[in-house]
Amino acid sequence: MISTLEEARRSPVATLTLKEAGQILGINPRTVSGAIAAGEVPAVRFGRRVLIPRERFIAMLDGRTAVTR
1 MISTLEEARR
11 SPVATLTLKE
21 AGQILGINPR
31 TVSGAIAAGE
41 VPAVRFGRRV
51 LIPRERFIAM
61 LDGRTAVTR
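In my numbering, the protein residues as written are 1 to 69.
Be aware that a few hints might be false.
[What the hints assert, rightly or not] Label pairs and their computed distance ranges (CB to CB):
id : residue 1 : residue 2 : range
1  : 49        : 28        : 13 to 21 Å
2  : 47        : 6         : 29 to 37 Å
3  : 64        : 7         : 17 to 25 Å
4  : 48        : 14        : 14 to 22 Å
5  : 12        : 46        : 13 to 21 Å
6  : 59        : 38        : 14 to 22 Å
7  : 38        : 12        : 24 to 32 Å
8  : 48        : 6         : 26 to 34 Å
9  : 3         : 53        : 16 to 24 Å
10 : 25        : 49        : 16 to 24 Å
11 : 63        : 38        : 12 to 20 Å
12 : 59        : 3         : 13 to 21 Å
13 : 27        : 49        : 18 to 26 Å
Hints were generated in silico from the structure; no laboratory data involved. Ideal Cβ placement from N, Cα and C applies to all residues, glycine included.
Could you put together the complete structure from these sequences and hints?
In C-alpha cells:
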C-alpha cells in the first residue's frame with residue numbers, strides 16, 4: 001500500500017488506487033473520485049474499477065503537466 005508521495009515515486013507499480021491517492025493527498029477517496037470526474041486528476045477506468053496512472057499523478061503534483069482527459 002502506497003501512502004506517501006515518496007513511496008509513490010519509488011514504487012514500480014503503474015497505477016494507484018483511489019485510496020492510495022487519497023492518502024498521498026491527505027483527502028478522502030470520494031474527494032479523489034470527484035476530482036477525477038471534474039478532470040482534475042488523471043484516471044483510467046476498467047469496468048467499475050478506477051485507477052490513477054502513477055507517473056501522470058506525480059507529474060501533476062510536481063506541476064510538470066496539465067491534466068488532460
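Status of the hints after comparison with the structure:
no., hint, in the structure
1, 49 / 28: 13 to 21 Å, "18 Å, holds"
2, 47 / 6: 29 to 37 Å, "31 Å, holds"
3, 64 / 7: 17 to 25 Å, "19 Å, holds"
4, 48 / 14: 14 to 22 Å, "19 Å, holds"
5, 12 / 46: 13 to 21 Å, "20 Å, holds"
6, 59 / 38: 14 to 22 Å, "18 Å, holds"
7, 38 / 12: 24 to 32 Å, "29 Å, holds"
8, 48 / 6: 26 to 34 Å, "30 Å, holds"
9, 3 / 53: 16 to 24 Å, "18 Å, holds"
10, 25 / 49: 16 to 24 Å, "19 Å, holds"
11, 63 / 38: 12 to 20 Å, "18 Å, holds"
12, 59 / 3: 13 to 21 Å, "19 Å, holds"
13, 27 / 49: 18 to 26 Å, "20 Å, holds"
Going down the numbered hints, you'll see the structure goes against none, and every one checks out.
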